[in-house]
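Peer 1: The chain contents come next:
Number of protein chains: 2
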Amino acid sequence: MAKSVPVSPLAPKSYPDQLSVEGVRFATAAAGIRYAGRTDVMLALLDKGTQAAGVFTRSKCPSAPVDWCRAKLKGGKARAVVVNSGNANAFTGKVGAKAAKLTAEIAAKATGAPLSEIFIASTGVIGEPLDATKFDGVMDQLVEKADPEGLLDAARAIMTTDTFPKVATAKAMIGGVEVTISGMAKGAGMIAPDMATMLSFIFTDAPIAAPVLQAMLSRSVQGSFNAITVDSDTSTSDTLMLFATGAAAKRGAPKITQAGDRRLAAFRKALDGLLLDLAHQVVRDGEGCRKFVEVRVEGAMSAGAAKRIAFSIANSPLVKTAMAGEDANWGRVVAAVGKSGEAADRDRLAIWFGDFRVAHKGLRDPAYSEEKVSAYMKGEKIDVRVDIGLGKGAASVWTCDLTKEYVAINGDYRS
Amino acid sequence: MAKSVPVSPLAPKSYPDQLSVEGVRFATAAAGIRYAGRTDVMLALLDKGTQAAGVFTRSKCPSAPVDWCRAKLKGGKARAVVVNSGNANAFTGKVGAKAAKLTAEIAAKATGAPLSEIFIASTGVIGEPLDATKFDGVMDQLVEKADPEGLLDAARAIMTTDTFPKVATAKAMIGGVEVTISGMAKGAGMIAPDMATMLSFIFTDAPIAAPVLQAMLSRSVQGSFNAITVDSDTSTSDTLMLFATGAAAKRGAPKITQAGDRRLAAFRKALDGLLLDLAHQVVRDGEGCRKFVEVRVEGAMSAGAAKRIAFSIANSPLVKTAMAGEDANWGRVVAAVGKSGEAADRDRLAIWFGDFRVAHKGLRDPAYSEEKVSAYMKGEKIDVRVDIGLGKGAASVWTCDLTKEYVAINGDYRS
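Protein sequences, first through last, are from chains A and B.
FYI, this note's numbering numbers position 131 of the first sequence as 131, with every residue one higher than the one before it.
FYI, this note's numbering numbers position 369 of the second sequence as 369, with every residue one higher than the one before it.
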């Protein structure tokens, strides 16, 4: 399937050397869920006392694993995460709920952890029953070989049509002690808010209580995973989870139990940066993409209006095909602003591609050089900026171009 | 541009013989707006006393001609319609408003009609100034050669990336007298509600007063032009107008001045059918399309909810690429239902492709034959039906598949 597809031209050129987080170990296996010749299940083992937070798809038809995680998250604690690729266990009815439970039971048995502290996620084809018994054959071996250095391999095991594994890491100080945040994501298709519209698992050794983690994650996702779109399609399986082992407490990091704790400032910033990095990687691996596009809207009536206008532009097939064609077609940007439903005044609009203003005050900028803008459009990163000229609301979202390869990949996914 | 593209495989196999409407004459010319070697302007001349109604784009950035028509429609009367292709005169600022006015002035002078009864529309590239003086050279000749039989040629002159002209005709009885309704449309790209997201001009000899025409048109558009989508992009120039010359009064047709008049029943039905026919033709000429797709949603909480769910399915790039791939990927239909934001219960959903039920009660229908469904998906017309299982709301919308050709056409439009 994804194998014959070359790696996205927008993939990172290198990966971080050091991803490990104290208190977290990873292992992967080939359980034979759907693919041959590759890993398709990853286990993350978490030290006792690990705190958990999560944000999930807003789809009204969520997958069985999403139902499972939502229910278990109430406890706020986690000991293991099991994720498989190849089958989403979505729209699989009661059989699907049973498969989700069986997966967790197999992991609970192998790890000795309570069932309520096992989280699961599945990604891949929708509507096919998932044979969870396949996990039984590999779980003991996963527990045995789990390794603190295994995050990159784990990121590989959860790929579907992704062309590269997505990982990121960051350091931050809490009360004078350095803590680490590392995470993985998978994306590729069905990437649109709200929310994450992909799978992502973030780990830290910081000693932060679950309610505080949850508050930080819910806020941070707005400017990152909830600000990206590949194809405007929201998945049934979107899952973003954040786990804090607390291992840094041994090195003197203070336990944080209040969301308003000022000692979290640097951690918050690092978490925001890490989520944005992963979200950008998801876009940079958008199915068939060649261009990474940032849409910045300023001067809207509110930040919410700015974001809705930005998404109207970022989701427009006509804007996205123009990007693929390296065509500075700002007329389509105007049309996308117009259809957003938000307040706009044609005669106050200004539009830039990169630093080149192509339109202002309701018409083409007479000073703009078609030649220079055309050269700019050939680049790998395209910045589209729109000033609505009405207020102070601003927002950025990120997307990619819409190419023939997107159609090819998605026109032949199941066969 | 459009010339090298072959005619859509979904084009009608023949055109009606008789399209003429008493009191309406058409002429076309090559004004050299943008294209070489083809007509690009059409004039419709309307007998004195013709009543007018219109529905326009909801874009917040409408084109100058849309602004013009909205203002003039208050008078309710029309004597001429001038439409050009090649340039949309949209996002052209004050220069655009002047070009619109100049176009109308040229037509008013040539026809001797008041400026307030001239309607105009432009379609094509956005953001390029329209040189309206070009109409000056052809207008007298257009008036001179205007012909009652010219509707099909007029439909050809307003094409942009359309691969075939779109016309339709219908007869209806009003008070025992037969009247005719004929019309044209152009579409191809940027086809999504609301509303028409294309140009369409309908003519009848029925003697119906402007307010009654307006009420009928506004209602009829909901189930036709407001129920189609090609690419979810709404144009800045969408214009649908209905003109009634009243010529049938000479043959004894009663003058209708009240929207509730029961003698309009057959006319309404004929108008609904004609608008739906034209709307379907627009979809059947969707850029790069190979499949005509009907999405029917039943069992939703309301008709509005059903329509929103249907559009969520019809606009999903993943559903549309699956159609292009002849893939009965009902999992993507589930995902599109889930992301619509409307009430849905995964475990009550049922989905059909044609007569084949592929999913029910939250999982794959065990009885469905993959082979038979695959054969069905190879057809030119695909019916997708979803029963939400919650209420009585139902709606149908129409779309086409998303192919590599769509990307090719739109990735290289301006160059």
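If you are wondering where the hints come from, they were derived from the structure by calculation, not from laboratory data.
Keep in mind the model is a prediction, meaning the values are calculated, not measured.
It is possible that part of the hints are untrue.
Because identical chains cannot be distinguished in the list, a pair is counted as satisfied if it fits within a single copy or across any two copies.
Stated by the list, open to error - Below are the PhoX-like pairs computed for lysine-lysine, each with C-alpha atoms no more than 25 Å apart in a straight line: (1) Lys361 to Lys94; (2) Lys101 to Lys392; (3) Lys361 to Lys269; (4) Lys60 to Lys361; (5) Lys378 to Lys404; (6) Lys48 to Lys372; (7) Lys381 to Lys404; (8) Lys250 to Lys48; (9) Lys134 to Lys378; (10) Lys404 to Lys250; (11) Lys60 to Lys381; (12) Lys392 to Lys60; (13) Lys171 to Lys74.
Peer 1: List, from low to high, the hint numbers that the structure doesn't satisfy.
Peer 2: 2, 3, 6, 9, 10, 11 and 13
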